[in-house]
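Listed below are the residues making up each chain.
Protein chains: 2
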Amino acid sequence: MDQHHQSTTTNSAALTLTTPLHCIVKLGGSAITCKNELETINENNLSTVSSQLRQGMILGPSQGMDWSRRPGSLDIPTVVDEVDDRLASNPKKFLVVHGAGSFGHFQASKSGVHKGGLSRPLVKSGFVATRISVTTLNLEIIRALAREGIPSIGMSPFSCGWTTSERNIAVADTSTVVKAIDAGFVPVLHGDAVLDNSQGCTILSGDVIISHLAEQLRPDYVVFLTDVFGVYDRPPTEPDAVLLREIGVREDGSWSVLQPKLQDTSRQVEITVAAHDTTGGMVTKISEAAMIAKLGIDVYIVKAATDHSARALKGKLTDDIPDGWLGTVIRLAK
Amino acid sequence: MDQHHQSTTTNSAALTLTTPLHCIVKLGGSAITCKNELETINENNLSTVSSQLRQGMILGPSQGMDWSRRPGSLDIPTVVDEVDDRLASNPKKFLVVHGAGSFGHFQASKSGVHKGGLSRPLVKSGFVATRISVTTLNLEIIRALAREGIPSIGMSPFSCGWTTSERNIAVADTSTVVKAIDAGFVPVLHGDAVLDNSQGCTILSGDVIISHLAEQLRPDYVVFLTDVFGVYDRPPTEPDAVLLREIGVREDGSWSVLQPKLQDTSRQVEITVAAHDTTGGMVTKISEAAMIAKLGIDVYIVKAATDHSARALKGKLTDDIPDGWLGTVIRLAK
Numbered sequence: 001m002d003q004h005h006q007s008t009t010t011n012s013a014a015l016t017l018t019t020p021l022h023c024i025v026k027l028g029g030s031a032i033t034c035k036n037e038l039e040t041i042n043e044n045n046l047s048t049v050s051s052q053l054r055q056g057m058i059l060g061p062s063q064g065m066d067w068s069r070r071p072g073s074l075d076i077p078t079v080v081d082e083v084d085d086r087l088a089s090n091p092k093k094f095l096v097v098h099g100a101g102s103f104g105h106f107q108a109s110k111s112g113v114h115k116g117g118l119s120r121p122l123v124k125s126g127f128v129a130t131r132i133s134v135t136t137l138n139l140e141i142i143r144a145l146a147r148e149g150i151p152s153i154g155m156s157p158f159s160c161g162w163t164t165s166e167r168n169i170a171v172a173d174t175s176t177v178v179k180a181i182d183a184g185f186v187p188v189l190h191g192d193a194v195l196d197n198s199q200g201c202t203i204l205s206g207d208v209i210i211s212h213l214a215e216q217l218r219p220d221y222v223v224f225l226t227d228v229f230g231v232y233d234r235p236p237t238e239p240d241a242v243l244l245r246e247i248g249v250r251e252d253g254s255w256s257v258l259q260p261k262l263q264d265t266s267r268q269v270e271i272t273v274a275a276h277d278t279t280g281g282m283v284t285k286i287s288e289a290a291m292i293a294k295l296g297i298d299v300y301i302v303k304a305a306t307d308h309s310a311r312a313l314k315g316k317l318t319d320d321i322p323d324g325w326l327g328t329v330i331r332l333a334k
Numbered sequence: 001m002d003q004h005h006q007s008t009t010t011n012s013a014a015l016t017l018t019t020p021l022h023c024i025v026k027l028g029g030s031a032i033t034c035k036n037e038l039e040t041i042n043e044n045n046l047s048t049v050s051s052q053l054r055q056g057m058i059l060g061p062s063q064g065m066d067w068s069r070r071p072g073s074l075d076i077p078t079v080v081d082e083v084d085d086r087l088a089s090n091p092k093k094f095l096v097v098h099g100a101g102s103f104g105h106f107q108a109s110k111s112g113v114h115k116g117g118l119s120r121p122l123v124k125s126g127f128v129a130t131r132i133s134v135t136t137l138n139l140e141i142i143r144a145l146a147r148e149g150i151p152s153i154g155m156s157p158f159s160c161g162w163t164t165s166e167r168n169i170a171v172a173d174t175s176t177v178v179k180a181i182d183a184g185f186v187p188v189l190h191g192d193a194v195l196d197n198s199q200g201c202t203i204l205s206g207d208v209i210i211s212h213l214a215e216q217l218r219p220d221y222v223v224f225l226t227d228v229f230g231v232y233d234r235p236p237t238e239p240d241a242v243l244l245r246e247i248g249v250r251e252d253g254s255w256s257v258l259q260p261k262l263q264d265t266s267r268q269v270e271i272t273v274a275a276h277d278t279t280g281g282m283v284t285k286i287s288e289a290a291m292i293a294k295l296g297i298d299v300y301i302v303k304a305a306t307d308h309s310a311r312a313l314k315g316k317l318t319d320d321i322p323d324g325w326l327g328t329v330i331r332l333a334k
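Going down the list, the protein sequences come from chains A and B. Read in UniProt numbering, the first sequence has 314 at position 314, and its numbers run on one by one without any break. Read in UniProt numbering, the second sequence has 185 at position 185, and its numbers run on one by one without any break.
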């Protein structure tokens with residue numbers, strides 16, 4: 001995604017959270033959907049991730065909150081009588097943003113929603129079709145989280161009134177998100193088709209939403225759940241790819257690999273060169289994460305539904321990174 | 001529903017529509033769902049209503065905008081290449097609000113969401129479960145409208161940041177709705193679980209939303225689609241029930257039946273007495289409609305998916321009510 005950030009000076013007075021936000025989690029599209037199968041959820045991963053999120057929140061016994069029929073099923077969940085009012089707990093505050101994966105991309109790219117031009121029927125149709133697809137995914141994620149007892153609330157950026165201008169965030173008032181968190185809910189936002197003041201419409205990506213929310217809400221840390229162990233120095237499918245364990249970000253936003261010590265200094269150069277790659281790969285991800293780390297917020301990029309993601313979600317990495325942990329930490333260089 | 005109105009003085013500066021809003025349509029829960037079957041859509045009615053809406057909007061040839069897989073199906077709609085950019089038209093502006101029917105009610109009533117108390121796990125669970133159910137219905141309605149080529153956009157009152165205070169609307173900014181209409185979309189709102197400043201949470205009903213939007217956006221007329229021919233002087237299942245054809249509303253909000261001339265004046269009295277009925281029946285509906293009619297906006301209450309609803313949606317009743325038309329007109333008495 002080639003969207004850029006700008007300071008959101010147009011954002012109206014932000015509400016302050018009563019209890020600080022503990023963690024923002026990005027559910028990467030590749031981690032929770034089957035990338036090469038249109039509109040197919042990776043049910044196993046989504047279920048494990050939901051369970052790990054519940055443990056990270058310290059939610060206590062699971063109380064299913066999805067009382068709706070499953071698509072195609074006549075069975076009615078009858079969990080309602082099991083809810084025990086004595087079980088009130090004080091969980092840590094989480095916020096979730098998810099990508100699109102195999103939802104939305106097909107519709108958006110077929111119609112060119114990101115390029116704008118809502119007066120064209122094809123673009124308008126694609127806008128509607130994209131929102132149908134991404135909100136379908138959002139609803140399925142809400143239901144998976146609710147089945148784990150996470151009080152999740154779907155919130156579409158479009159409905160929240162978020163808009164862009166020249167594809168940068170123009171208005172993204174977080175007061176409704178703040179109110180939902182304060183009321184004890186876990187808002188679940190997503191990459192969405194939105195209105196753009198200059199070109200009519202565009203796609204607001206999940207990663208841009210994460211950066212904006214991290215800046216506004218200042219969580220203790222941010223976790224990106226993905227389908228590989230972290231950030232590599234080259235495509236992880238290549239045999240000599242090296243997992244970057246720690247990336248240090250300086251206050252001017254520049255960054256360098258701290259762990260492992262790359263023997264070959266040309267590696268560092270390759271990573272810099274790859275910054276010109278526009279496919280939204282590794283370097284885009286590092287740049288987005290560096291924006292957040294610059295604020296003093298640790299970022300963990302980790303493979304979803306593994307012991308490593310479980311540790312990251314529990315906040316076990318904030319003091320010290322254990323040797324056995326696989327993933328990428330991106331944080332302010334000391 | 002025993003919610004009451006108050007003037008929404010807390011509503012922030014309303015944006016003005018570039019093109020006036022032509023019509024607000026209420027899709028009654030009883031008209032588009034099977035009332036006695038949990039979470040079951042009345043597919044035939046919904047499909048016919050969608051088609052009638054398209055005709056009312058004067059949308060031109062149908063261009064399917066739902067490019068997603070149907071639940072349980074592997075088929076991918078391949079309508080994308082059929083979209084013809086030359087077919088740009090200038091349809092009339094519509095806005096849709098739907099009720100819950102057999103979606104949401106079960107979850108809301110089991111947990112008492114309308115009575116508030118979010119600190120109780122049962123209420124919080126019910127809030128999440130209610131929103132899952134009503135947004136599932138919303139998504140299915142969006143898809144049905146999109147299949148007809150109506151550029152529909154789901155907008156949940158919760159996500160729009162709408163809140164209540166003592167169960168009356170406190171904040172319900174319509175600027176995002178206005179922007180969506182101006183961009184050529186048909187916003188589709190719904191009765192929703194929302195946060196309440198005084199009691200924590202409540203249910204904001206579709207009828208209250210309609211009144212608020214009618215007041216703010218001043219459509220030419222409002223159509224309530226329901227499962228009976230209109231408003232009767234007694235439950236329509238009773239053999240001597242009389243369809244009230246025309247109700248006149250005075251500027252003080254009081255109303256009386258103009259057509260048919262009720263020979264028996266005690267009938268009029270019975271209707272007034274029934275106002276004490278709290279089941280949200282006929283008189284509640286008349287009162288809500290009278291609030292709108294008082295603003296000079298005609299209200300038609302009509303059976304969904306009939307020739308009568310088709311006429312109402314096309315705006316064929318604004319000058320003269322044809323003899324053959326079955327339904328109830330509620331308007332300012334001249």
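Just so you know, these hints were derived from the structure itself, not from any lab. Don't take every hint at face value.
When chains are identical, the list treats them as one kind, so a pair holds in a single copy or across two.
Claimed, not checked - Once the Cα atoms are required to be at most 30 Å apart in a straight line, the calculated DSBU-like pairs of lysine-lysine come out as:
no.: 1; residue 1: 35; residue 2: 261
no.: 2; residue 1: 179; residue 2: 92
no.: 3; residue 1: 261; residue 2: 110
no.: 4; residue 1: 92; residue 2: 115
no.: 5; residue 1: 110; residue 2: 316
no.: 6; residue 1: 179; residue 2: 115
no.: 7; residue 1: 110; residue 2: 92
no.: 8; residue 1: 179; residue 2: 261
no.: 9; residue 1: 92; residue 2: 261
Checklist line | Ascending list of hint numbers which this structure does not respect | finding: 1, 3, 5, 8, 9
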